[in-house]
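Undergrad: Fit chain B to the given chain A structure using the hints.
Below are the chains, spelled out letter by letter.
Number of protein chains: 2
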Amino acid sequence: MRKFLLSSCFGALAALATGGANAQDWSKPTGDDANTRYSQLNQITAANVGKLQVAWTFSTGVLRGHEGAPLVIGNVMYVHGPFPNPVYALDLDHDGKILWKYVPKQDPNVIPVMCCDTVNRGVAYGDGKIFLHQADTTLVALDAKTGNVVWSVKNGDPAKGETGTSAPMVIKDKVLVGISGGEFGVRGSVTAYNIKDGKKVWRGYSMGPDSDTLVDPQKTTHLGKPVGADSGTNTWEGDQWKIGGGTTWGWYSYDSDLNLVYYGSGNPSTWNPKQRPGDNRWSMTIWARDADTGVAKWVYQMTPHDEWDFDGVNEMILTDQTINGQARKLLTHFDRNGFGYTLDRTNGELLVAEKYDPKVNWATKVDMDKNSKTYGRPLVVSQYSTDQNGEDHNTKGVCPAALGSKDEQPAAYSPDTQLFYVPTNHVCMDYEPFKVSYTAGQPYVGATLSMYPPPGETNMGNFIAWDGKTGKIVWSDPEQFSVWSGALATAGGIVFYGTLEGYLKAVDAKSGKELFRFKTPSGIIGNVMTYQHGGKQYVAVLSGVGGWAGIGLAAGLTNPTDGLGAVGGYAALSNYTALGGQLTVFALPQ
Amino acid sequence: MRKFLLSSCFGALAALATGGANAQDWSKPTGDDANTRYSQLNQITAANVGKLQVAWTFSTGVLRGHEGAPLVIGNVMYVHGPFPNPVYALDLDHDGKILWKYVPKQDPNVIPVMCCDTVNRGVAYGDGKIFLHQADTTLVALDAKTGNVVWSVKNGDPAKGETGTSAPMVIKDKVLVGISGGEFGVRGSVTAYNIKDGKKVWRGYSMGPDSDTLVDPQKTTHLGKPVGADSGTNTWEGDQWKIGGGTTWGWYSYDSDLNLVYYGSGNPSTWNPKQRPGDNRWSMTIWARDADTGVAKWVYQMTPHDEWDFDGVNEMILTDQTINGQARKLLTHFDRNGFGYTLDRTNGELLVAEKYDPKVNWATKVDMDKNSKTYGRPLVVSQYSTDQNGEDHNTKGVCPAALGSKDEQPAAYSPDTQLFYVPTNHVCMDYEPFKVSYTAGQPYVGATLSMYPPPGETNMGNFIAWDGKTGKIVWSDPEQFSVWSGALATAGGIVFYGTLEGYLKAVDAKSGKELFRFKTPSGIIGNVMTYQHGGKQYVAVLSGVGGWAGIGLAAGLTNPTDGLGAVGGYAALSNYTALGGQLTVFALPQ
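From first to last, the protein sequence lines are chains A and B.
According to this note's numbering, the residues represented by the first sequence are 1064 to 1653, in order.
According to this note's numbering, the residues represented by the second sequence are 1064 to 1653, in order.
Take these hints with a grain of salt, some might be off.
Note that the list lumps identical chains together, so a pair holds whenever it fits in one copy or between two copies.
[As the list claims (entries may be wrong)] List of simulated lysine-lysine pairs, DSS-like, C-alpha gap at most 25 Å: (1) Lys1428 x Lys1282; (2) Lys1262 x Lys1576; (3) Lys1532 x Lys1259; (4) Lys1262 x Lys1422; (5) Lys1160 x Lys1576; (6) Lys1114 x Lys1599; (7) Lys1459 x Lys1337; (8) Lys1217 x Lys1235; (9) Lys1599 x Lys1337; (10) Lys1217 x Lys1305; (11) Lys1305 x Lys1436; (12) Lys1428 x Lys1459.
These are computed hints drawn from the structure, not numbers from a lab.
Predicted model, so just to flag it, every value in this text is computed and none were measured.
Okay, chain A solo, but in the shape it has when bound (with noise of 0.2 Å):
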């Protein structure tokens, strides 16, 4: 009897273990790893997602900002949180009895060094073992059936200001880890443990000598040529590379076939740019590496010599599509700076790089022209230039702002359609830099601003439908606040988000028109995902407001230029809705 409801309850963690994921689960906190968030799973259509109710819905017993998904594996959900990070095993049988419980005990004075909530972006399964990033930057293992802690290991010193807060991306026998920090003068780094004792395997640098960044200097290519030696220390002046930034909290891709690795370094540290003349190479950075070694393949820096906080660590989506009458294996990445890139992901060829939010006006465009001097660089615009303007003036009407035309919250691709479907935020900014000293461990931000919709407008956030092979946007569909929510894309024809007031909403993949709308308990910052239980495909969610747009109602800021400029922006997201903790599953009626 017992070995019965053991092979019941984990039948399919034995089936995973062994390589096997199946449409059914959602066993990667990027659903995939390709990034597409992108479901087979078709009972759910646009016929009847209208009829969609809650099923069931569990509080995780913490508030503030709620992003990242749980994963489903089998019979099991694993549901995580913010800070203190406690994470759940939740009995899909029985409407999420807790089959145990991790809540690691961590100092809370990592909480202050964190830039924008306490958040956590959720965990990652491999080898019957369920992987959390700590806030204090400990990645822990522990045990999928029992949450008995396996193996435990530090990955920075919060003291420094490191802390964790994305998701590990487990890749065959790895576990990789980034690291955030990038507003207290962080480097940056992305460092692979084995998965089976947390052995370091590697960890390479975004910046630093070549034997930190793991770059090499004939191979590694950026726009087709080789980047040379030293080109992440000779793009910067004197040591400031030591607290350059370029930290790597966002998510990770995995193409297997080229067993590459896919993410984005962050902004160069300060924020001030007076302070840190050159390229400041590789913050700003699509980085392909080598899944075994670390050694990068490819790098394409978006924007050189960042002055106003572009962070490039937003996702890689990985598609095979048809450019030209050419099926290329492409990458496309939606950057905080407003361009929406299409790469080819075998060498890091530039294919596209267009506007995805047509208010964006710090560049002009980036130069296409294989031939001209500034190839594959942002065109910039000098009354937004807050390098050229100086220290202590203040940039007005910068768009996007620092939070970028979409931050973390992740896009999704469908197939079906062709099209990305991506959550993003409108909004403008007055940027003004300062200069600012640098202490271990305390703030390295160097700049104040504030955020706005842009001028006439009141919408912050649009929820868009993309191609990526022609850099078109072919739906929008306005929202009232910035769309911080992770799109999820499903073989119904169907896409769904969620939206800072707190609603579910699901759209038509084709045409956007919304099908159905649910106000769950809190703000959605989370993103949405789906899974099939006892036969059935459900859709889950994370409520609780906060992030960078939430960060005035998760810690209480009201001076509108707090929370990095956040809080005059997002002031009226108190009329919406409160703090909270929730997930919310969702099925059709029986």
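TA: Showing chain B alone in chain A's frame:
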């Protein structure tokens, strides 16, 4: 246009302000003055309740125990929460958009003075104002349209252990409020404030000189006889009455024909009976007071000289039923001591006193012989007498436990079935009194205890139907944990209640058969309510595990005897639910 919007939003407020309550609203925390928690709404029936689904949800932004229920007046819902006691006015025309929010500034030092979680049982409405009884005992009147403070008054002093947890009760031109702190030697009282300006009109203490208790030695009766002079002091040794307990944190009822307000007073202080010889009047007493003057018409002490913390605060339910062919104005009360009492509410005549849990063992019965010297008193079993067993003796196996066969979780009554629906605890205890000295503002408990299900049983609760005319259980639905949620009966022939695991359940009023269940985000200790809006009936309940039964989860306690003995008995709750604070609103599908 502005005028139209105002009248659309607040039209019903004006109606109620002039006294015209209607069945579509839920304008009192008790549902009605009689405390029946019965609604005439009948769209949701035994036949269709199985199709009930979640219409919308709202997070209160606060964790820990959520007792009480929201109010609905017209198109506005008023939602409250535990400390720091936020109040939200939600727009029912727009999925609960926040019209206004009020969060009092309170000294968090009040939290350790709250015996049994940071609960608040809800706001009251009258004269265009929302009344909030804060944890720090401040009674604040808010403009129902704007949330602005109209007046506020301090009802007690947390430095002496006085706190506010109970819902205020509006009676005509007064608002009544009780006080908590029986475990801190607080002397209980009820105070009536003028609804217009907060001026104190009268205050009646539970013990003390007749001038304090508002007892008339000649006219106030106990079981038909005048109570005589100084009854509130001469049943105490020395000055013990000054720290005598008898707090008043339960629900209040009102009979407008008799102009009497009814409520119960709590346990005498300390829990060590050896320290307070005598009957300890008028702790553990049902009070009938004139609403205008506060003078007591009659009293009935259920548990003279309490030895088990059988706090008498539970609600009085006023019904008109026929007993032995005679139409009677009745008052029915399910006491913590395990007896269900039915009295004539005009004069306090005792009609029925029977055990509503067959496991109750501390008394054989209540003496119903009017000629007996012990008429109206429980006949205590020596084995379970913690006074007879003495200090530092662990009296084992007392049923019910200190939290009673029922605590504050209110029962409902349906005139259709003439049955009471009672959420009960099915818990026993070991109780060891010890000598304790009094220091103002410090715990003054004087006993340790541990709680557990009755020997040989596993269910710690039952939801029962009770015939108050005969004192018999009609049906009983077992529950794994105490049913700590208030019940709701409706004209649809159904009864609702919540469970500590988080289920909202609907059962057939006649048979108790379960017709519907839904897993809400967190354990339910709130009271189910119903209202009609836009022609449609809704059912709503607050989730948020806590209260005495959930204090282990709520306050993070782990020692089994902590939480006044509750932690051990309810430890398994953590397998089902985590902290929360959410409103879930249900309706039938379109």
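Undergrad: For each hint, tell me whether it holds in the structure or not.
TA: Now the hints, each set against the structure:
{"no.": "1", "hint": "Lys1428 x Lys1282", "in the structure": "neither (29 Å within a copy, 92 Å between copies)"}
{"no.": "2", "hint": "Lys1262 x Lys1576", "in the structure": "neither (49 Å within a copy, 57 Å between copies)"}
{"no.": "3", "hint": "Lys1532 x Lys1259", "in the structure": "neither (40 Å within a copy, 69 Å between copies)"}
{"no.": "4", "hint": "Lys1262 x Lys1422", "in the structure": "neither (47 Å within a copy, 59 Å between copies)"}
{"no.": "5", "hint": "Lys1160 x Lys1576", "in the structure": "between (36 Å within a copy, 23 Å between copies)"}
{"no.": "6", "hint": "Lys1114 x Lys1599", "in the structure": "both (14 Å within a copy, 18 Å between copies)"}
{"no.": "7", "hint": "Lys1459 x Lys1337", "in the structure": "within (17 Å within a copy, 76 Å between copies)"}
{"no.": "8", "hint": "Lys1217 x Lys1235", "in the structure": "within (21 Å within a copy, 64 Å between copies)"}
{"no.": "9", "hint": "Lys1599 x Lys1337", "in the structure": "neither (57 Å within a copy, 62 Å between copies)"}
{"no.": "10", "hint": "Lys1217 x Lys1305", "in the structure": "within (20 Å within a copy, 58 Å between copies)"}
{"no.": "11", "hint": "Lys1305 x Lys1436", "in the structure": "neither (28 Å within a copy, 90 Å between copies)"}
{"no.": "12", "hint": "Lys1428 x Lys1459", "in the structure": "within (20 Å within a copy, 81 Å between copies)"}
Comparing the model with each earlier hint shows violations of hints 1, 2, 3, 4, 9 and 11; every other hint is respected.
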